[in-house]
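> Hints given; two lone chains; assemble the complex.
Residue numbers (the numbering used here), protein chains in the order written: chain A, 1 to 256; chain B, 1 to 222.
There could be a bad hint or two in this list.
Said to hold, decoys possible - Pairs of lysine to any residue, SDA-like flavour, derived with a Cα cap of 25 angstroms:
| hint | chain 1 | residue 1 | chain 2 | residue 2 |
| --- | --- | --- | --- | --- |
| 1 | A | K119 | B | T62 |
| 2 | A | K119 | B | G8 |
| 3 | A | K119 | B | D51 |
| 4 | A | K119 | A | G30 |
| 5 | A | K152 | A | Q108 |
To be verified - Residues from chain A shown here face chain B by an in silico Cβ test under 7 angstroms; the list is partial:
| hint | residue |
| --- | --- |
| 6 | L2 |
| 7 | R5 |
| 8 | R68 |
| 9 | E71 |
| 10 | P76 |
| 11 | Q123 |
| 12 | C124 |
| 13 | Y142 |
| 14 | G169 |
| 15 | G171 |
| 16 | P200 |
| 17 | I201 |
Bear in mind the hints are in silico, worked out from the structure with no lab data behind them.
For each residue, glycine too, the CB sits at the ideal point set by N, CA and C.
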Amino acid sequence: MLKARVIPCLDVKDGRVVKGINFVNLRDAGDPVEQARVYDAQGADELCFLDINASHENRGVMLDVVRRTAEQCFMPLTVGGGVRTVDDVRALLLAGADKVSINTAAVQNPDFVREAARKFGSQCIVVAIDARRGTWPSNQTYFEVFTHGGRKATGIDAVDWARRMVEAGAGELLLTSMDRDGTRQGFDIEFTRTIADTVPIPVIASGGVGSLDHLVDGIRDGHATAVLAASIFHYGEFSIAQAKAHLRSAGIAVRD
Amino acid sequence: MIHVVDYGRGNLFSIVQALRQFGLEASVSGRPADVERADTIILPGVGAFGDAMAALDGGGLTSPLRSAASRGVPMLGICLGLQLFMESSEEFGHHKGLGLIPGDVRRLSDAGHQDPSAVRIPNVGWRALRWETRDPLRPAAYEQTMFYFVHSYGVVPREPEDWVASLTINGDRIASVVRRGAIVGCQFHPEKSGPAGLAFLRAFFESAMGRRTEGGRVREDA
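The following block holds chain B by itself, in its conformation from the complex (with noise of 0.2 angstroms):
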């Protein structure tokens, strides 16, 4: 079963719709039981990073996620959900991440607003992605499509073998994709990237399955 969190921070709808584009059901709850029992899961996300930490830990999912992560279930961080992979966050404070990925959050420099090129933060909009690695998530169809991001602030993994894709702003290098073993995270919203977006989702959808099943196809029906 591929479950959603819900810890009432996301944008949860518009993921769902997008998996039913190719014929996957997913369930929507913040109970701890269905993280328990889900074979694969999304951790999607927008706001404030500490607060998202409260509310996961708050509605006792924390633990439920991080022994998901070391059981090898498949996992997608959309967004807030990627960065909430991490060690540590600087937004608003210093606050702790759930740990399954090291390295930590930072906020986006703003690197003076009258220079033309520096551009304005939040960072939104659509920019393609540099891919560091060969990954299956990497659409070959869409190699040069854009996919849309909308966030103050970027991730950092320690690690670089975790470095799927980056992207560069006012300097900062941050990652855009991630993967960790079978935990993924992408700083773009998939599910508003149009195509990419639906392939990118795909992409791990099948690979996710290939992990549980070795070979096990997504339905070709879409």
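The shape of chain A in the complex, shown without the other chains (with noise of 0.2 angstroms):
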């Protein structure tokens, strides 16, 4: 049986960690290597990057974290944030990605994520949905669409989106809750499931995780087969392990 992954997600702006672990112990808090090898050492299934000031300017940055962090931990990273052209996957996936996150680009040029996984591979494309919550006249509930790290609208549909990413070959859908984000009360449940029971590939819950059990109601309630989750484990409330202990107490399998 596949087991259901934990992957704890680095905000990263300038090739520093954003909200960081406080642990005593660590030289730099905000090096991003440094609480990758924490997550490493603690069990994380995988680890994310999000590059939450991507740019032009600053793309080498983040090469050289990706870069980094690839030369002590082998295991599986996912690097997100302004992943825009070919050239951008290419040189992510050289410096020791697995995969790359892809959200505004995607909605903006839809070709782009099928021209990255006929070259690539579709097992190294996850497509991010950003979302919010709507109401119809009908009083029936939408999904919509936000790019620009939810900041802007797109009158898309996100069940919509979702078949069509992946009928452009994504391997993976990474679905936040631009509602819950950041509010620690569990992820949106009701989204999360309407789109892992449209599509055929892996999906990740993210958003609002701000306990134990809500990682659980991902995976049992949500059908996510990962969850990812920032605040709880960057500010050392809860370790990987603990979230693990968690899960596998719930009858949930997971990688020991």
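Below, the structure is given as structure tokens:
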């Protein structure tokens, strides 16, 4: 049986971790590579770096972070933020990333996902879908895709979008509820489950985790194949090992 | 010399770093002459089969790889690298592979994702290996440990003795480790599978070196 994956995410700005683990024994808590090593040692199944200030000028900084991480951590690494061209994808993969996460660029040019999947294989193309809830006059709920870090509405229905991205060759979907992100109230389970039950590819739930029970909810009720969280791990509130023990005690298979 | 074949389709950096963990240095290039000179060859790879074969052909690498295989040079194919060792693949049409191992590459079947026990494709995540044979690559210390997989296709060797370890996904049995003489392939990514992955790589190099020097050992200073 495939194990549910627990993926800590590090927000990186100009090569530094924005919210880091407050571990006293870290020499440099702002260094993404040091944080990555902590998560690796704790048994994280994958690691995600999100470049929250991605631009042409600082692309080299992120590549250096990826390279230094891959030098020391022999674990799967996904990098997102500012991935806009096939050359961006290639540069990240050559630096040691295993997967790239594409969000805004996919909306601006859906063919980019197709081209990248064709060139590098679906298995390394993650499409990130940031969505907010809306309600039709009929009272039915819908989920709308947002880009630019959740700032820009697109008018695109997230379920339709998920189908299109699978068709274009996405290998995984990273779902973030912008309504829940940062609230610590748990994933938007309805959003996660609606998409997960629509697509045949793996789905990663993200946005809103505030307790270990929320991780269980994402897998069990949201039908996600993996759960991603930032702040509950960042602040050292819970370790990856604790998260996995909690999932295991809820009857969800995880890697030891 | 250990040579990592660079044909523009793989995470070479992680492999080179993994080898350094136990004191091995590898050359990395796409030059046919380096493949001809190598005494151990690693063929990494991510991406699509047909595109990768075209890159090997275009780079003049196909015949040096086949010739190395026929000379008994130890080779390790990782993920797509393993798939390229096979005779053919059905990824985006029908493509011929290097043909070093009899058998073919098939798409993993989608088994209805609303069934919670079905595996979603691509198969992404950690899995244990089901060992089929005794093999020097079976790292005793890591018997129960899992390895990291990320793939949509799987290899099906024709000869039963070529199956070293296997995996069943949505009812399809595929090989996760293959050996035919000195040619070895793994569907998972040892360079991304933590200590177990490093132990697997180390076991490969020890067995490769043993083949060359009859009992030679990899440096023990890791």
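> Each hint needs a verdict: does it hold in this structure or not?
Now for the hints, and whether the structure bears them out:
1. K119(A) with T62(B): holds (20 angstroms)
2. K119(A) with G8(B): Cα-Cα ~10 angstroms, so holds.
3. K119(A) with D51(B): Holds: K119(A) and D51(B) sit about 7 angstroms apart, inside 25 angstroms.
4. K119(A) with G30(A): violated (34 angstroms)
5. K152(A) with Q108(A): Answer holds: K152(A) to Q108(A) is near 12 angstroms, not above 25 angstroms.
6. L2: holds (5 angstroms)
7. R5: With Cβ-Cβ at 5 angstroms, under 7 angstroms, it holds.
8. R68: With a minimum Cβ separation of about 10 angstroms from chain B (threshold 7 angstroms), the hint on R68(A) is violated.
9. E71: Result: holds, 5 angstroms to nearest chain B Cβ.
10. P76: Nearest chain B Cβ about 5 angstroms off; hint holds.
11. Q123: For Q123(A), the interface hint holds, since the closest Cβ of chain B sits about 5 angstroms away, which is under 7 angstroms.
12. C124: holds (6 angstroms)
13. Y142: violated (21 angstroms)
14. G169: This hint is violated: G169(A) lies away from chain B, its Cβ roughly 10 angstroms from the closest one there, beyond 7 angstroms.
15. G171: holds (5 angstroms)
16. P200: Cβ of P200(A) sits 4 angstroms from chain B, so the hint holds.
17. I201: holds (6 angstroms)
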